[in-house]
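Visitor: So the chains spell out like this:
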Amino acid sequence: MVETATEIAVSCVGVTKTYGEGQSQVTALRGIDLEVRQGELLMLVGPSGCGKTTLISVIAAILDHDAGEVRVFGEDLREMSSSRRTRFRGENIGFVFQQFNLIPTLTIAENVAVPLLIAGVRRSEAVRRGRALLDRVGIGDRWNTLPSKLSGGQQQRVAIARSLVHNPRLIVCDEPTSSLDHETGHKVMELMREVAAGADRALVVVTHDARIFEFADRIARMDDGRILSVTKGGPRPPDARERGTGPH
Amino acid sequence: MKFVAIKMLVGDRARYLGILMGLTFASLLITQQAAIFEGLMHRTFGFITDTGGPDIWVMDKKVLMIEDIKPLQETMLYRVRGVEGVDWAMPLYKGLLKARLENGGFQTCHVIGLDDATLVGGPGTMIEGRLEDLRRADSVILDIVGAEGKLARAATEKGGKAVPIKVGDTLELNDHRAIVVGICRTTRTFQSQPVIYTTYSRATQFAPQERKPLSFVLVKAKDGVDRLELCRKIEAATGLAAYTQKGFQDLTYSYFMKYTGIPINFGIAVLLGFIVGTAIAGQTFFNFTVDNIKYFAALKAMGARDSQLLGMILLQAMIVGAIGWGIGVGAASLFGLLLHDTELSFLLTWQLLTISGFAILVICTLSALISIRTVMRAEPAIVFKG
Chain A
1 MVETATEIAV SCVGVTKTYG EGQSQVTALR GIDLEVRQGE LLMLVGPSGC GKTTLISVIA
61 AILDHDAGEV RVFGEDLREM SSSRRTRFRG ENIGFVFQQF NLIPTLTIAE NVAVPLLIAG
121 VRRSEAVRRG RALLDRVGIG DRWNTLPSKL SGGQQQRVAI ARSLVHNPRL IVCDEPTSSL
181 DHETGHKVME LMREVAAGAD RALVVVTHDA RIFEFADRIA RMDDGRILSV TKGGPRPPDA
241 RERGTGPH
Chain B
1 MKFVAIKMLV GDRARYLGIL MGLTFASLLI TQQAAIFEGL MHRTFGFITD TGGPDIWVMD
61 KKVLMIEDIK PLQETMLYRV RGVEGVDWAM PLYKGLLKAR LENGGFQTCH VIGLDDATLV
121 GGPGTMIEGR LEDLRRADSV ILDIVGAEGK LARAATEKGG KAVPIKVGDT LELNDHRAIV
181 VGICRTTRTF QSQPVIYTTY SRATQFAPQE RKPLSFVLVK AKDGVDRLEL CRKIEAATGL
241 AAYTQKGFQD LTYSYFMKYT GIPINFGIAV LLGFIVGTAI AGQTFFNFTV DNIKYFAALK
301 AMGARDSQLL GMILLQAMIV GAIGWGIGVG AASLFGLLLH DTELSFLLTW QLLTISGFAI
361 LVICTLSALI SIRTVMRAEP AIVFKG
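Protein sequences, first through last, are from chains A and B.
If you're matching positions, the first sequence starts at 1 in this note's numbering and goes up one per residue.
If you're matching positions, the second sequence starts at 1 in this note's numbering and goes up one per residue.
Keep in mind the hints are simulated off the structure, nothing from the lab.
Computed cross-link-like contacts, DMTMM-like style, restricted to lysine to aspartate or glutamate with a CA-CA straight-line distance of at most 20 Å:
1) B:Lys70 - B:Glu235
2) B:Lys2 - A:Glu125
3) B:Lys150 - B:Glu128
4) B:Lys220 - B:Glu84
5) B:Lys220 - B:Glu235
6) B:Lys2 - B:Asp306
7) B:Lys62 - B:Glu210
8) B:Lys7 - A:Glu125
9) A:Lys149 - B:Asp12
Take the sequences, apply the hints, and build the full model.
Guide: Structure representation (structure tokens):
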């Protein structure tokens, strides 16, 4: 666990986001203030529909917010043009999705290489680096396998390798363990801490899986579009069960 | 990203084959129907192509096509010969006469009368006999299709094959005896009637008595004389119409295009191929894109630019287009090859390949455009909606 982390990777001040118009309007974020420090693993927790996914989408620069300020590594996302934001994501952000989103017709090494291919790296070089990352997540021997041949835990390892291959400074993970059993989820989080966390990288993990709270440096608890509290991570908070943030 | 696009496409076998099938079908139908149409249209002026030697055809001004005979006075031949720049000019008779069959029936035949002295305008390929044999009394030369088909004698046994007319056999043409001295090969005509070659004087004897027996004057230009210029001179001097070989072919072609329903009928078939191909390929390609939308969205989230995604979809569309077109054209060519010696008219030209290629390109572009719109509108944020 990283103990000293002072530089701010992500800063959200008064962030709001509303979907729809008129009577069907839904306010997803109601003035979010949050900081994610470089080197830390921050978990966003809360019940379904509390705005976790919206917030992570805004932080990852794939969704525009309505008001407030979001800075990622000092850069104001609203000031960026659409193409600049796309480039910014490609250079600085790694993604781990709940459903892995591995392209089923590519081998796992090729899947890991995708962010590099997007960046214009030659295929052979990208795949070589992809294989090296697969070695680090412990499935290097299966580099030529299609994702469908792997278990859920192994697929999430591939997704973690993919999120790291271009050496991003921020990794956002959406429910990385919700498709996995307890033991596999635990191993995936251990791997995440082992290979993804570092002094120069921040991790934001959206989850409502209380079993993995122990891996967080800090836990931001959300409800109804607001941050209720930000507490230190570690062992599972005693009030998690009462607050409905445990597994459903 | 090209590599990712290709693997996404070919890895999804069912959809890949579905798209290919749609495009192959469209390509096959468009190419095959267009080739049959082109073959049929070439038959309309097959006789002009077969008539080797002349540079220019001279005829009545009102003639609309090769079969539209408006007889001329024989004196016109001499007037044409008098035009400066004409190397030689020969008469040609062309008419429809009835041949009496052995079973008592009649068969209408194209009778071609060639200049008695030079036999200019005779068939290009003699299978049996010689063209010069036409100088013998009552002689005619038959085309092989007519000899083996409509003019063939009835089978000697019940259910047996008809006996082809051969050299030495006799025919009855308009109550005149005609002796077959040769068998030739000609381009199949549009009407598929037997073609009978004989001399000009004998043809006019076979034909019912007419005041104006001359159908066309065949003209050879002197070396170095511009053919179009000579046409204008002949027209000015005689008041007749004069066309180059190509010009007369075009006139005939245009007539059939303009005054018959053939282009519409074939056009409908080609259009159907285009529409069905677009529907199948477009729908399957769109479904393929929709099924992969979460991957496209993930690529967007990971920093793929719109231009990269656009390039991926276009590449996928062009790959299936090229392969589908190739298979379709190949199948159409095979179809033409296998039926080469039949009644089927089939002419596959490079122009048709270009047209069918363009049609497939349009289908692929339309399919890709629908898919591109879907991908461009996809929010990368959907990747977080598990």
